[in-house]
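Asks: Take these sequences, add in the hints, and give me the full structure.
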Amino acid sequence: MTDMPDTTLTSDPSHDASGHPATDDAAGYYTPGSPLVDTKAPAGPIDERWQTRKFEARLVNPANRRKLSIIVVGTGLAGSSAAATLGEAGYVVKSFCYQDSPRRAHSIAAQGGINAAKNYKEDGDSVHRLFYDTVKGGDYRSRESNVYRLAEVSTNIIDQCVAQGVPFAREYGGLLDNRSFGGVQVSRTFYARGQTGQQLLIGAYQALERQVAAGTVTTYTRHEMLELIVVDGKARGIIARDMVTGAIETHLADVVVLASGGYGNVFYLSTNAMGCNVTAAWRAHRKGAYMANPCYTQIHPTCIPVSGSHQSKLTLMSESLRNDGRIWVPKNKADCAKDPREIPEEDRDYYLERIYPSFGNLVPRDIASRAAKYQCDDGRGVGPEVDGVRRGVYLDFADAIARLGRDAVEEKYGNLFDMYARITGEDPYVVPMRIYPAVHYVMGGLWVDYDLQSTIPGLFVTGEANFSDHGANRLGASALMQGLADGYFVLPHTIRDYLADGPFEKVAEDHPAVVEARKAVEGRIEHFLTVNGTRSVDSYHRELGNIMWEYCGMERTEDGLKKAIDLIRTLKDDFYRNVKVLGTADSLNQSLEKAGRVADFFELGELMCIDALNRRESCGGHFRAESQTEDGEALRHDDQFAYVAAWEFAGEVPILHKEDLVYTAIEMKQRSYK
Amino acid sequence: MRLTLKIWRQSDAAAAGAMHTYEVDDVSEDMSFLEMLDVLNEQLNAKGEEPIAFDSDCREGICGMCGLMINGEAHGPVTTTTCQLHMRTFSDGETITIEPWRSDAFPVLKDLVVDRGSFDRIIQQGGFISVNTGSAPEAHSVQVPKEAADRAFDVATCIGCGACVAACPNGSASLFMGAKITHLGELPQGQAERDIRVVNMVAQHDHEGFGGCTNIGECAAACPKEIPLDVISQLNRDLRTALRHGH
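Heads up: the sequence lines are chains W and X, in that order. What the first sequence shows, in our numbering, is residues 215 to 888, in sequence order. What the second sequence shows, in our numbering, is residues 114 to 360, in sequence order.
The calculated DSS-like cross-link candidates involving lysine-lysine, where the alpha carbons are at most 30 Å apart (straight line), are:
1. W:Lys501 to W:Lys720
2. W:Lys448 to W:Lys733
3. W:Lys626 to W:Lys335
4. W:Lys872 to W:Lys268
5. W:Lys547 to W:Lys777
6. W:Lys794 to X:Lys160
7. W:Lys448 to W:Lys720
8. W:Lys268 to W:Lys281
9. W:Lys872 to W:Lys883
10. W:Lys786 to X:Lys160
11. W:Lys626 to X:Lys259
12. W:Lys872 to W:Lys254
13. X:Lys259 to W:Lys335
14. X:Lys119 to W:Lys794
15. W:Lys733 to W:Lys501
Hint data in this document are derived by calculation from the structure and do not stem from the laboratory. Note that the coordinates shown come from a computational prediction; the quantities given were computed from them, not determined experimentally.
Replies: So, in structure tokens, the structure goes:
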């Protein structure tokens, strides 16, 4: 992708001079709360803060570490790396995952690469530039101190992974290869063909299994966290269900780490794995952990479109395809069902080239995604009709094949073309590909301070499950970086400051808080199994996903979001009264597992809409139709919305706490793509 | 299309299982194999019959969670994972037999779901390089010849699905193990523990009840990631070397 030039900030007349929105669209849907401040980042120059914090964070005597216990939920990059590192340090670690092996967590599916400010290409890269690019990529909605630290430790990640045997791509001289990725002008992305996430995760998984053999980590596979245990205001354990036997288990510890990933599956169709869910995070939210910027989702423009109502997930294809493919739809609606090869040149609308002549097919992800949706909503989409609409646009390589030759195209994109052919049954060398946007990543998540601690003392959150580093849009190749930065190099330092207060008083298994948590879990399971309604869990999930995609997807409006909230509330009500879950509680029961997750997705979806309603600005990957320039460009409102929206659970009317985003090392700028 | 499915059903690890026959209509050729099972499960749920349990997660061929014996072949007739197998491979009116992985070392938990914990336990015995977080040298301090790095990558693509074991008449996990031995053995960082790694992993493999390798090659033929058979030669070579070194 081409880098976007900056222009100066424009102001918006719909906001008054006092710094408050002239209209608060979300009024009535929430209660304003007190401001929120991160008290853990040290003051002083940005490049000294992490060193200062590492020094100030208290140490735990090695002999005491084996008396301190840590629960880590999730075994993706952020969870495996944390569990392994804390095990190496000598703490007693319990690691949980819902999959049958820690190695299967969804980090494994990341294709592209991992950024690090190594400057091996001597092309002007530095920690400061990676920091700058990441903040800018997040459209100035991330926290400066956290992002700087992320850039700072990025170099250690590469060293660690190479030492573990991660087979990164290398040059003939035997040194590591880099490529430019995600619209930046330096080559700082390390990669292992198109399977970087897999190789990094296997590295972390092997480090984790090494600690299992060493006796410091115990893994609980096929276990799902269903409740957080909070005793005297502190996180002290979890209630988990053994997904094979159905046993409800109490696991107590001195501190709990959530590394449970993102919640893109609230949209039902996404590039996430089938099991990705918000339950661990949401249960913590209901117990007092604030949820930050939940409406920030990343939508990827080049996914394989939906082929029918049976569709269970969407598959991402690298957006490098847009470097050579030309995107178009038929000019005439009557041509949409035709074989594209029979549609003459003059009847095709290369809409990105037409609307954005300078960037053409290489406009940023959110613009490409939105434009595709407009074409399809307008009735000019292509491919199979699903629920009465054709949701796809052509990505045509005919020109590239004519210009470069088939061999050259195959050399560059062969594996992607093969994958496309396998899934769709069509040969993209002959028939134009069809693409459509899909939800890929969520930038929102549980609020954490500089120490990665949530608003519940003793509950830490790492990786995609927290909110801090990617702002309103994530720069390419930075998700893997953040997961490993948190797990290997940040959390192990910050958590010791909390653990230094130990040893902690033991919590009894019959403590009222433990009993209450167990009962809550058992009650929910009992409810799902006794409703005996008429609709399957999946059918509710699919309907919820449609609502979210339609009204809280890439373009949002006040009316749409309010409608979505009503629809979700009605559907949720029906779900509790009419869902049909067969089987028993004390056996492997996949419908029951899904029911619990979908129940939490309903509540999350509602909060996402309220958050999107409150944020009456277009920023990052989010377009509020009410906030655009005369040319239809996204319009950010730094005077109004340069804050983190951190939501406190309070039943149906949540409480909004704002953390102001202050930039001292960077100047906020508005982007422009014209 | 319309299909007849013969599917293994087993209520839990201790129960005796049996094949059951189901009819499924309205299967589109664009469905993945697992989406076809989703459709069947929706139908069963509507009829009040408990859905069939099967594993899957990423559904894009990389996590290794899914895996079924389809008409006696691990992951079915195409070289890919079950989730990436599409119904256009089958024809209208066909009967398809679906079973869980077959191996003593992968006990069935329910229906088509098996326990592959034995793979994790093999990795625990040496499928790693011992380097604590923070103690790594600068990444460019060691050069790795491109050929070695590429070879290491090729075999490191193993997804741990277990198809090799399911396909092997002996139920051997030699391909799985050989892939890890070769991945780490190709790299300079993996040399220090090379001998002890192979000895311990093989001991665990045998302890788990996997069978021995007799060079049949079904494993490599079934592998969705096309891990080559010669990783087993590497495994045997490394084992001989380690034994000669007195391990």
